[in-house]
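Colleague: Here is how the chains run, residue by residue.
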Amino acid sequence: MTKPTQDEALLKQLEPNAYKWGFETQIEMDMAPKGLNEDIIRLISARKEEPEWMLEWRLKAYQLWLTMTPPQWAKVGHPEIDFQDLHYYAAPKKKKGPKSLDEVDPELLRTYEKLGIPLKERAILAGVEGAEEMADNHPPVAIDAVFDSVSVATTFKETLSKAGVIFCPISEAIRDYPELVKKYLGSVVPQGDNFYSALNSAVFTDGSFVYIPKGVRCPMELSTYFRINAKNTGQFERTLIIADDKSTVSYLEGCTAPQRDENQLHAAVVELVAMEDAFIKYSTVQNWYPGDKDGKGGIYNFVTKRAACRGARARVSWTQVETGSAITWKYPSCILQGEGSIGEFYSVAVTNGHQKADTGTKMIHIGRNTRSTILAKTISAGKSDSTYRGLVRMLPRAKDARNFTECDSLLIGDQCGAHTVPYIESQNSSVKIEHEATTSKISEEQLFYCQQRGLSKEEAIGLIVNGFCKDVLKELPMEFAVEAQQLLQISLEGSVG
Amino acid sequence: MHKNSEGNSVTGLASLLSQVKGKDNHSEQGKAIAFLSGSELPTRRTEIWKYTDLRWFNQHEFVQSNPVKTQQVQEWLEKNVFSSPALSELPRLIMANGQIMKEYSTLLEYSGCQIAIKEDVHGSLGQPQRDFMTALNYAMGQQTLQLTVSKAQHAGTVLFVHLGYGQDAGLASFHYRLNIEIQEQAQLSVIEINAGSGEYFTNPVCEVTVGSGADFEYNKLLNSSLESYNCANLYVSLADHAKYRQFLISKGSKFSRQEVYIDMNGEWSNASFQAVQKLGDRQHADITTVFSHLVPHCQSDQNVKNILSDQSHGVFQGKVFVHQKAQKTNAQQQNQALLLSDQAEINTKPELEIYADDVKCSHGATVGALDEDQLFFLMARGIPYDQARDILINAFVAQAVEDIDDPIAKQLLKEQLGVEVVEDIT
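From first to last, the protein sequence lines are chains D and G. Residue numbers for the first sequence follow my numbering, so the first one is 1 and each next one is one higher. Residue numbers for the second sequence follow my numbering, so the first one is 1001 and each next one is one higher.
Bear in mind the hints are in silico, worked out from the structure with no lab data behind them. Heads up, a few of these hints could be off.
Under the rule of at most 16 Å between Cα atoms (straight-line distance), these lysine to aspartate or glutamate pairs were calculated in the EDC-like manner [to be verified]:
id	chain 1	residue 1	chain 2	residue 2
1	G	K1325	G	D1240
2	G	K1360	D	D414
3	D	K383	D	D294
4	G	K1243	G	E1267
5	D	K441	D	E458
6	D	K432	G	D1371
7	G	K1254	G	D1281
8	D	K441	G	D1358
9	D	K432	G	D1373
10	D	K399	G	E1372
11	D	K470	D	E406
12	D	K60	D	D193
13	D	K281	D	E221
14	G	K1325	D	D414
15	D	K362	D	E344
16	D	K432	G	D1342
17	D	K432	G	D1281
18	G	K1305	G	D1403
19	D	K362	D	D193
20	G	K1305	D	E434
21	G	K1031	G	D1131
22	G	K1328	D	D414
23	G	K1360	D	E444
24	G	K1360	D	D193
25	G	K1328	D	E344
26	D	K399	G	D1342
Here are the simulated distance ranges between beta carbons [stated by the list, open to error]:
id	chain 1	residue 1	chain 2	residue 2	range
27	G	G1038	D	E38	58 to 64 Å
28	G	T1046	D	K182	25 to 31 Å
29	G	L1392	D	D82	55 to 61 Å
30	G	E1119	D	D414	45 to 51 Å
31	G	D1281	D	K457	56 to 62 Å
32	D	K474	G	D1310	42 to 48 Å
33	D	V482	G	G1038	54 to 60 Å
34	D	G454	G	K1328	27 to 33 Å
35	D	Q452	G	D1358	19 to 25 Å
Here the structure is a predicted model, which is why all the values come from computation and not from measurement. Virtual Cβ for every residue (Gly too), placed ideally from N, Cα, C.
With the sequences and hints as input, model every part of the structure.
Modeller: Listed below in structure tokens is the structure:
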């Protein structure tokens, strides 16, 4: 062990935990008044130029929400949220169709620059016509950028539409593809599913809509970038992805928020529908502002993500790297309905400082021969708490279903907690369920080995943690894997002690 | 039997509490009655009752039990205890319908330990407000049996039997309490048998304090009547270097719930819990444990096996809690379930809650049917299907009782598992 004095010096050097996306963009905003009532919902619906049926759908959700109470069971603990003290709609004022970069609000441009989105792509993001052709050498990733309550821009629409793929903000989809939206919206996560999904259904402002037609392999990665900017707002985005028979899509989600003293709410709903032989890969790098070193501020991330494998042999794979948010409360789930359908969940959750994460998955096996794999890696440091909470349920019709679960926790320091709460329910004798979990710390031997070869303690920990998470990180698409590795390193800075 | 539908004003709890109305309330009992009067029956929405439904409780009218027929007790003892030379020689405590049967209880004169019977319910570990069933025990119990093994005394093995007998009208309930204190460097081994006939409800609470360097082994056979309801709460506190081992076989009861709370309060203490739930018909059995590592250098392991046939329902909720101070903890938890029928159901929740970093904690859970390959292996060697099945089931459970130190207990529990496995499957 190193001497405490050395450790203290090291700790001091690393504080405060740098959150480099913590800046705020000064931009003219169009905001709805604070509070939540039917008028606000009507206002959101009107701003979005929504049809009547959508407004009714929202109002129904609002009525359901009024009858519900916030869930208390998660091991997170936070002061009560005043749902009337939030702006439910905030959008940057956009001039109509800027023709060149000069016309775009320079503040908005600077935001993208700071977020590290490459120049050419940025041109597209701000809505500049013709920039798409300029982006010739860039890896093909189509991006939908959501800034507070609205989608700022969606790239590569043309290329995608050639393949028949629909990728647009959900507000556009409601207008342009009402039949598809009507059919699938709320079919996986109904309005009244839980407190936050009801809230989201009532006030959701934007998000992405993806439809992959039969037999199409989406020609590029699709990506959404969420950014909360305005003060006192909540972000409620809604994503709906439908993969029709024999189609394939890979979708990435990223997010950041400015550094603030107060807590902000993010309550998203993501619905995936996979039909026969379809494959959806959904990857998330969640990097909301986690609060400062004393646990002040940060995002409350209460998210409902669920996938339905409706057709035979459908496959859904969730991969998530959770490093941000003051509180995370998130269980990407799979309903394995189709015969032989497959659900996968790969997760790395890192908590540091005063962060609290309660995350995991639900695998509901309904159909015959369904399979699920859960691989969850949890790393706790500082004064944080992280919990893996997962459910594996085998229903009587799920003959020969199979599940394998592995949860490993790594503790760094003696002030943090790591918890594992698996729920295993089986009503079927032909199924096989295996669950294993371990909790340990980084071994002195491994640290010594690395340090002896000239790595600093920080680097050594980074290396060991990356090795610990390797099985999950390798599931991420290339572009994200690198980012995720760096994120892990940054998140754990200042945790050695 | 008198049944009330839910929502009717005479609920199960009300009929129970009416039995203690107007009694001179000792402080603990008073607290418990107050707690119960102000609380509702736990439902499946309560996290720790998530998988076990107590609705039956409100569907019964609870009544005072009839006096025990000595004849019944005599017959049971002759058949099950006196016939076995090993068991009949043990100092024994015989209870029937919650009452101590003094004429059969040789333990009362046993020199290896001190017995005191107190005419109220008291305890130090399980508080009246701690949970519903414990509170019920405080409220309804009439006496506390205090068993003490003095310092450095090796008390050997004692036999504890509780027999329950149901009656025609209403549901009789028995809320007895046993407090065991094993002082420094002392030793005690207990064999407990629960048996009976008819429909009744037992709700004992047992508290065990194991002193520094002391050794306690607790072998329990739950073989109650298949119409009976059994809840049992066990609270254990371990001092430094104390050693605790429990073996539990649960196969009786229509409904059972065994709660085990172990607090490791002294360094280098060691707790081990091995259990087998072997269920058939429409039985429901639940084992809920909380192992709390509160100081450094303690070790615990839990191993729970379920063999479920017919429409039975097995539940295991196990929790390992490691306090921030409890560095160098070594905790292991294993839960296995063998489903022999498509209507059987298993719900398991092995939980880790860890606040210390220098620990080794792991848990594992498996659910499955008998392995086809293993069956094939045996059958290819000329062993008929039924026998091959028995061999595999035996192998599955044998391990759970293999480590019992006490030879008499080992023999008894093995017989209870092994012999019957062969009988009721062929």
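Colleague: Now tell me, hint by hint, if it's right for this structure.
Modeller: Tested hints:
| no. | hint | in the structure |
| --- | --- | --- |
| 1 | K1325/G - D1240/G | holds, 15 Å |
| 2 | K1360/G - D414/D | holds, 14 Å |
| 3 | K383/D - D294/D | holds, 10 Å |
| 4 | K1243/G - E1267/G | holds, 11 Å |
| 5 | K441/D - E458/D | holds, 15 Å |
| 6 | K432/D - D1371/G | holds, 10 Å |
| 7 | K1254/G - D1281/G | holds, 9 Å |
| 8 | K441/D - D1358/G | holds, 6 Å |
| 9 | K432/D - D1373/G | holds, 14 Å |
| 10 | K399/D - E1372/G | holds, 15 Å |
| 11 | K470/D - E406/D | holds, 14 Å |
| 12 | K60/D - D193/D | holds, 13 Å |
| 13 | K281/D - E221/D | holds, 10 Å |
| 14 | K1325/G - D414/D | holds, 8 Å |
| 15 | K362/D - E344/D | holds, 10 Å |
| 16 | K432/D - D1342/G | holds, 13 Å |
| 17 | K432/D - D1281/G | violated, 23 Å |
| 18 | K1305/G - D1403/G | holds, 15 Å |
| 19 | K362/D - D193/D | holds, 14 Å |
| 20 | K1305/G - E434/D | holds, 14 Å |
| 21 | K1031/G - D1131/G | holds, 13 Å |
| 22 | K1328/G - D414/D | holds, 12 Å |
| 23 | K1360/G - E444/D | holds, 14 Å |
| 24 | K1360/G - D193/D | violated, 38 Å |
| 25 | K1328/G - E344/D | violated, 34 Å |
| 26 | K399/D - D1342/G | holds, 10 Å |
| 27 | G1038/G - E38/D: 58 to 64 Å | violated, 39 Å |
| 28 | T1046/G - K182/D: 25 to 31 Å | violated, 39 Å |
| 29 | L1392/G - D82/D: 55 to 61 Å | holds, 59 Å |
| 30 | E1119/G - D414/D: 45 to 51 Å | holds, 48 Å |
| 31 | D1281/G - K457/D: 56 to 62 Å | holds, 60 Å |
| 32 | K474/D - D1310/G: 42 to 48 Å | holds, 45 Å |
| 33 | V482/D - G1038/G: 54 to 60 Å | holds, 58 Å |
| 34 | G454/D - K1328/G: 27 to 33 Å | holds, 31 Å |
| 35 | Q452/D - D1358/G: 19 to 25 Å | holds, 21 Å |
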